[in-house]
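Participant: These are the residues of each chain, in order.
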Amino acid sequence: MHKEEKELRKKDIEKRTLFRELFDIFSLTGFLYGPLDERLKFRDALEKQLKKTTPHYRFFIERNFLACLGGITFVLFLIQVATGVLLLMYYRPTIAEAYNSIVEITNNIHFGWLVRGMHHWAANVMIITVILHMTRVFFVGAYKPPRDFNWLTGMTLLLLTFTFGFSGYLLPWSQISYWATTVGTDSIGAVPFIGETLRYFVRGGPQVSQLALTRFFALHVVILPGVALFCLGLHFLMIRRQGISEPL
Amino acid sequence: MGKDEEIKGEPFFPNHVLKEIIIFLFILGLIITLATFIPAPMGSKADPFSTPEHIKPEWYFLAGYQLLKLAEKLDFLGAWAPKLIGVLGQGFIVAIIFFLPFIDRGSERYPHKRPIVTTLGILGVVSFIILTVWGHYS
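Chains A and B are the protein sequences, given in the same order.
FYI, the numbering used here numbers position 49 of the first sequence as 49, with every residue one higher than the one before it.
Throughout, the numbering used here is defined as the position within the second sequence, counted from one, plus 1000.
Pulled out of the complex, with its shape left as it was, chain B reads as follows (with noise of 0.2 Å):
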């Protein structure tokens, strides 16, 4: 039993945690140098009378804000629709990730042995990354 926990494994203490102990310090550091380097970003004081010119979200929501831009094309079905789609699917893209592994049942692991899940995978990402470069630069 111990030969074999031996191949199987590190042991959590001493490697494992001197491991995080090292990421840990790497990562404080990385956080100081942006910090000092980049300062966060400190604009006017809020003013609701005017509004300005753009307004576009933290990078993380650009993605979604994209999409509530691309919605508005749907128009034609009638003015309900673009905002009620662009919410609504957005919510139904999170909950099927949310719920995924009671959709995705199977129990294979490799990623190539389920291919429909990994595509659709790779599409989410690749979408994912293209909508936030076009919301930045729309």
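Bound-form chain A, shown alone (with noise of 0.2 Å):
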């Protein structure tokens, strides 16, 4: 009798959880709701993700901060997306043109200066949080099996975000973009036996010319993309399957 009571006590809060209520209110658009909603069976399916809990951090800076770099990571890969996008609708991939469309973007675009600053920066602000994501990682040691595999995708993604720096910094087609993407497939050739092979196919020639703006290009806004969010979505796969390692 006793534990009838309760049980039904707890129906009744479940019932009116704040989700529930947020659910409802997207379910009257009907996408979600009514047979849709009984063939794939969406509810349950976001119910069960969003009941998931966090590990709880004792302490201020591991919860609010050193326990956060993923996430903030992330959240700069989203921004990453959204203003590379933007300027990708403003920018000329050609040896002629590549410069003066940089100025154009920064001087006379509406908000041109905003996102390319904001690309700038999140770029840079990003390469600090995965590396000390990856910092923190080692030393609570949250690589270790189960979480072998996790580390390999997080390494990845880690020198996919080196690549997408290392691309895009050519991009602007400015002096020292040239000369530091010069200096730096130049010791691609130090590489024993295909050394030479190597650079010659990362330039599209002797030297860093327009085959090598082109290719630069499709890595830093086709290729690069495309697998980073497949590592992403492995990563995210297997924290979702592992949980978060408990805090130490």
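Hints were generated in silico from the structure; no laboratory data involved.
Using N, Cα and C, we set each Cβ at its ideal position, and we do this for glycine too.
Mixed in with the good hints there might be a few duds.
Listing some non-contacts, in silico: residues in chain A with all C-beta distances to chain B over 10 Å [unchecked claim]:
(1) 38
(2) 59
(3) 81
(4) 144
(5) 148
(6) 205
(7) 225
(8) 226
(9) 235
(10) 236
Facing chain B, from chain A, some residues (calculated, C-beta under 8 Å) [what the hints assert, rightly or not]:
(11) 42
(12) 111
(13) 141
(14) 173
(15) 177
Cβ-Cβ distance ranges computed for the label pairs, FRET-style [as the list claims (entries may be wrong)]:
(16) A/146 to B/1044: 15 to 23 Å
(17) B/1050 to A/61: 42 to 50 Å
(18) B/1036 to A/96: 29 to 37 Å
(19) A/242 to B/1078: 23 to 31 Å
Quick one: dock chain against chain with the hints and give me the complex.
Facilitator: Laid out in structure tokens, this is it:
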């Protein structure tokens, strides 16, 4: 009798959670509710995900900063996608026009300076947060099995972030980007046996020129984002499956 | 079971999601502030016929750049040595970090209970910072 009463009260509380209220508002649009939800069980799937718990951290800095570095990096990635798509609308990837289009974005396009500045700064802050995220995971030993494979996807994402930075640096076709890329790609030639061929392949020729710009552009806006999204999917999937590692 | 979960952690929704939204807004504010007060650099147009005096990469490649410069001191081994050792050495370090969980097989997580890995980690962080600063001023 007493037990039943408790059960009833629990059900009542569950019914009135904020989540249910919010979900019901969205359901009114008719997209998720009704026949579609019956077939695909959106509500059940979403509720299962949202009910999962995150670890309770004892220290303020861990709770609000150290444990959030991965999430902050993801937020910065989203900012990069949004500002990157906007820049793509006005950027012209040719050696004759690339620099002029960047000047035009900065000086003439409405809020172009802001979008370009955000892309520049989010990139730099993102490098810092991925490195800090990796350092934290390293020192708390969160890479230990069963999370050893997630360290691999994380390291791949770190290297992708660096490659994003390297390829994006050439795109404005300014003096510094041209020469930094020349020196950077030059060191690829030191790899034994295939070095020269590899350098030729990356540059699209003996020197950094139009083909190099086209290749870096394709890498920066199509290939890397695709690979990064795939790795992010794996990274998050494994976190959801295995849970976040317990704080020490 | 319900009670256990309460002690173990915070619910993902709404507690954690709310925190994430606050962080998102904070980061967005930080990025917009930086973009407004320190604009992205805009040099002169690329000129393949005039090499600038000092060519330096972005700050996060400075450590690697400085290591390549240090490897130049190995030229007493022959003309091949500096570049090969500099580039392959860095590749080796990256590979070690990449496959770390398969090299460090122990299940102990506390930093002070696995002194070798922790010491190597601290050395790595410190040398990365030193090389970056050194690369910036060299």
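Participant: It remains to establish, for every hint, whether it holds in the given structure.
Facilitator: Taking the hints in turn, this is what the structure says about them:
no.	hint	result
1	38	holds, 23 Å
2	59	holds, 15 Å
3	81	holds, 13 Å
4	144	violated, 6 Å
5	148	violated, 3 Å
6	205	holds, 12 Å
7	225	holds, 19 Å
8	226	holds, 21 Å
9	235	holds, 14 Å
10	236	holds, 13 Å
11	42	violated, 15 Å
12	111	violated, 10 Å
13	141	holds, 3 Å
14	173	holds, 5 Å
15	177	holds, 7 Å
16	A/146 to B/1044: 15 to 23 Å	violated, 53 Å
17	B/1050 to A/61: 42 to 50 Å	holds, 49 Å
18	B/1036 to A/96: 29 to 37 Å	holds, 31 Å
19	A/242 to B/1078: 23 to 31 Å	violated, 49 Å
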